[in-house]
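**Q** Take a look at the letters that make up each chain.
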Amino acid sequence: MTDAPEETGTLFEAPPMAEQERMVEAVLFASAEPVTLADLEARMPHGSNAAQAVEMLQKRYDGRGVRVVQVGDAWAIRTAPDLGFLMQKETVETRKLSRAAIETLAIVAYHQPCTRAEIEEIRGVSVSRGTIDQLLEMEWIRLGRRRMTPGRPVTFVVTPQFLDHFGLENARDLPGLKELRAAGLLENRPPPGAMPLGEGREEIENDDQSEMFEEE
Amino acid sequence: MTDAPEETGTLFEAPPMAEQERMVEAVLFASAEPVTLADLEARMPHGSNAAQAVEMLQKRYDGRGVRVVQVGDAWAIRTAPDLGFLMQKETVETRKLSRAAIETLAIVAYHQPCTRAEIEEIRGVSVSRGTIDQLLEMEWIRLGRRRMTPGRPVTFVVTPQFLDHFGLENARDLPGLKELRAAGLLENRPPPGAMPLGEGREEIENDDQSEMFEEE
Amino acid sequence: MNDNLFSEDPVSVADRLAAEALIVDVDGFEGPLDVLLTLSRTQKVDLRKISVLALAQQYLAFVEKARALRIELAADYLVMAAWLAFLKSRLLLPPDPNDEGPSGEELAAHLAFQLERLQAMRDAAARLMARDQLGRDFFKRGQGEDVTRIRTVTYSATLLDLMQGYARIRTRDEFRPFVMDRDAVFTMEQALERMRPLIGFAGTWTDMETYLPEGWDADPVRRRSATAATFAASLELVKEGHMEMKQSDTFAPIQLRKRTDT
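Residue numbers (my numbering), protein chains in the order written: chain P, 1 to 216; chain S, 1 to 216; chain H, 1 to 262.
Because the hints were derived from the structure by calculation, they are not lab data. Among the hints, a few may not be true.
[What the hints assert, rightly or not] Keeping only pairs whose Cα atoms sit at most 30 Å apart, straight-line, the calculated DSS-like set for lysine-lysine is:
1. P/Lys59 <-> S/Lys96
2. S/Lys59 <-> H/Lys65
3. P/Lys178 <-> H/Lys44
4. H/Lys65 <-> H/Lys44
5. H/Lys65 <-> P/Lys178
[What the hints assert, rightly or not] Here are some chain P residues pointing at chain S (derived, C-beta under 10 Å):
6. Arg60
7. Gly63
8. Arg64
9. Ser126
10. Val127
11. Arg181
Only a predicted model underlies this, so the values are computations on that prediction, with no experimental measurement involved. Where is the CB? At the ideal position from N, CA and C, for every residue including glycine.
Okay, chain P solo, but in the shape it has when bound:
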């Protein structure tokens, strides 16, 4: 029972898919946090196909009290949202986010990767250190790559924890993302001439953003 999977793996064939599905089921049930396919396969016997097993499992739980959901490149089991009322006991009181924090979060999510100057330009007001810190602390946003513009400002992107919290498979699933983009509202339109707001902000290429959402 404590055989390392590697050992058995070299000696035997991968187990049948039904068995692989059971294995994925056991690991996903046991873990509170999402588990990546890579981690699943590392735990399963050599030659296993975690992706296929997860897909089968997801179908099996369709319509049940718990669901198999994708979170970024990982998978998790979560209760069906329509049964939330049963779980009052489990409800965690989350800190009430300020309006500034909620808006900042939305701006990062929809515009990521996004610099602080960009957040400030969109909101028309400076962003307090505390607001960003709170979101970082909640692990809903994290630092992304530095922008290749003068000053090399840091960017912010949303995290897998953010996706998990809002039940999103990935950042492309953000509600209304397509419409907003079609309306040109996610563009970083440089202001004509000087502007009183968000002054001193450098030109921003849009490369980063498309990369972020179009990948895979």
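Guided by the hints, dock chains S and H onto chain P, whose structure is given.
**A** Chains S and H alone, transformed into the frame defined by chain P:
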């Protein structure tokens, strides 16, 4: 979605059994502790039959990766026992032995049985407790007979595991031992002047050592 | 300029009350853009079709009122007021053909874009927060089991490590790596040590063979080792720039001399 169960309960029939089963599934999944039937029914809409729903759920999970099990008078979802091995993934990391450990090990191997004072005399520096402990823990050295000298110090000898690891049949097979001996490198010369370490050792030394190397 | 500004557009009493409420509530605003967005709602039109001129006038009235009421306004608000006054003049006056800067229409269009974008982000934020949330509407496993990685560290050492370790202790003063059949091996380090002082005297081309150490030329095994080491050491000295090397033909003797260039 946020309807209080009491309201629906008094106005409507209990939900169909399939729905009750979903509810039990979600609650058992999300609860931090096993849930009693009474607690289940308190959460579910009025008129629900938790016992029957649990039984149905238990049947559904029969043979799956997780099982519905009774814990005292409460119910919980648990990993199927045969899949427990998936929960703990062992990764083996190989690290180089520290220089101090290698030198200490080499001294024990070439000079066994060998006291700590002798190791220190040969290395010219004191040997930390941790180094000896590490080698003992790795089962590459073990305690030998006490030396019949004042203080009756313990001696260290190498183990069969040591020989196994280095592919040696016995300590005499240590390559270069003869050559080193021929070159006079293995003479345990007392340090010039006084003999603060390993005193009184000369007489016994040769017996022990020959015994150790010549046996078998 | 105060109330009569509002009368340019027929504004309802309710709207006017709302606009005045802004003043009292100035602390509740998230900056001038937020005020503008709130003001623009009174126009009850698509943000793209908003009258920036009317908006500028409303904002300026707002700032005037705040001043009259001696309400401290942050610098941001005053900068925006100055900019809007400038924009208003641009929009009202006929365009100056000699002016380089962006036209009033361009500036107004960008302000409208900013307002629309801010509104869009607020709507998006509201939609995001209205989603089912973990720990509120759906839940993770309450009793997670121990899913761990056990990291076992094994230490490794080879026989060579062991022997080198031992040789290191026994020859601490003149450390050399321990080599089993040392008496038949001449190392490059030994050759280098031997050649360094000698090469200073080699002003003319000399066969490399003459540099072989004494007593190493009889036994073929020893001779081979010494030759290889001497050759390697020679290359090293050439690389260091102390020496030159030549071979006139294949298998011809290799010759060495001190490097003489300045």
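**Q** Okay, which hints does this one fail, numbers in order?
**A** Violated hints: 1, 2, 5, 9, 10 and 11; rest satisfied.
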